[in-house]
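Undergrad: Those letters in the sequence shown? Residues 1 to 283, by our numbering.
These aren't lab readings, by the way, just hints derived from the structure by calculation. Don't take each hint at face value.
Cβ pair distances, simulated, as ranges [as the list claims (entries may be wrong)]: (1) R272 to T54: 49 to 59 angstroms; (2) T54 to D131: 32 to 42 angstroms; (3) G220 to A246: 15 to 25 angstroms.
For every residue, glycine included, the Cβ atom is placed at its ideal position computed from N, Cα and C.
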Amino acid sequence: MEDVETRELRYFVAVAEELHFGRAAERLGIAQPPLSRAIRRLEHRLGVALLDRTSHGSRLTPAGEVLLAEGRTALDAVAAATRRAQRAGPRARLVLAMKPGGDAGLLPRILASYEERPDALPVELAFSLGDRAAMLRDGRADVGLLHHPQNDLRGLATEELAVERRVLAIADTHPLAARDALRLADLAGVPVPQFPEAAHREPGPVVGDVAELMQLVALGRAVALVTESAAQRPARGVTYRPVLDAAPATLVLAWPESSRSREVAAFVTAARRAVAPPATGTT
1 MEDVETRELR YFVAVAEELH FGRAAERLGI AQPPLSRAIR RLEHRLGVAL
51 LDRTSHGSRL TPAGEVLLAE GRTALDAVAA ATRRAQRAGP RARLVLAMKP
101 GGDAGLLPRI LASYEERPDA LPVELAFSLG DRAAMLRDGR ADVGLLHHPQ
151 NDLRGLATEE LAVERRVLAI ADTHPLAARD ALRLADLAGV PVPQFPEAAH
201 REPGPVVGDV AELMQLVALG RAVALVTESA AQRPARGVTY RPVLDAAPAT
251 LVLAWPESSR SREVAAFVTA ARRAVAPPAT GTT
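Make the full structure from the sequences, and use the hints.
TA: If you want it as structure tokens, here you go:
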């Protein structure tokens with residue numbers, strides 16, 4: 001059997017996600033008839049039906065569901081390989097994905113440790129609240145600072161850097177602000193915003209950036225669980241209270257499990273050295 005081409009996978013993924021040939025063709029920037037023919041040829045070559053076509057539209061067959069999942073992974077891998085190859089060119093660099101302030105104060109030490117290496121590459125910071133893990137998977141970033149268990153770390157290798165307690169950011173005027181300490185049960189029915197890449201979604205609004213989050217908190221429209229290091233950056237109208245039974249946030253350095261990059265390995269080693277406790281002498 002012949003290998004499936006990247007173009008065919010891209011066509012199929014578009015059709016499978018839209019479940020409508022017209023919308024998929026528009027998304028791909030091609031006419032509908034050649035797209036339909038391409039999918040028919042793909043089904044013939046694979047020897048399986050990928051779509052059930054009815055007068056009411058299309059739906060995926062079990063084989064189509066498998067190819068959609070695997071096809072997305074394959075397309076991400078091709079995109080990642082292309083981006084990483086481009087970054088390894090004459091202007092080679094290392095891209096670190098992180099959210100603003102999401103380094104527990106460790107980034108200066110990590111960068112200084114890495115830059116001691118004579119072969120260190122320039123480190124480019126890519127700030128994101130919504131898709132740091134996705135950036136690592138699709139090659140837009142080489143390493144990233146994420147949190148466990150708050151982020152989805154599937155497919156990523158990690159190195160633990162720090163464990164932080166989480167506290168509640170709350171409006172000065174909120175009734176709960178009068179308490180010295182809280183428990184998660186006290187937050188029942190209170191909107192708790194989440195960032196788009198949260199691994200475990202709970203009821204509550206999805207916010208796009210830290211400024212938006214703090215504005216909602218200051219207005220009393222929501223409360224937010226944040227790390228202790230984030231609480232050290234004051235926001236007008238916001239106070240912080242400990243939450244005694246909130247799970248801690250573990251800051252990790254993450255990179256793709258499949259990575260064989262010597263530059264990534266060197267950065268991980270430098271980060272590990274930067275956060276290691278100082279050796280104590282013996283007498």
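Undergrad: Each of the hints needs a verdict: does it hold here or not?
TA: Here's how the hints hold up against the structure:
Take R272 and T54: their Cβ atoms lie about 56 angstroms apart, and the range 49 to 59 angstroms holds. T54 and D131 have their C-beta atoms about 35 angstroms apart, which keeps the hinted 32 to 42 angstroms range intact. Evaluation of the 15 to 25 angstroms hint for G220 and A246 yields a pass: the beta carbon distance comes to about 20 angstroms.
Of the hints listed earlier, there is not a single one the structure fails to meet.
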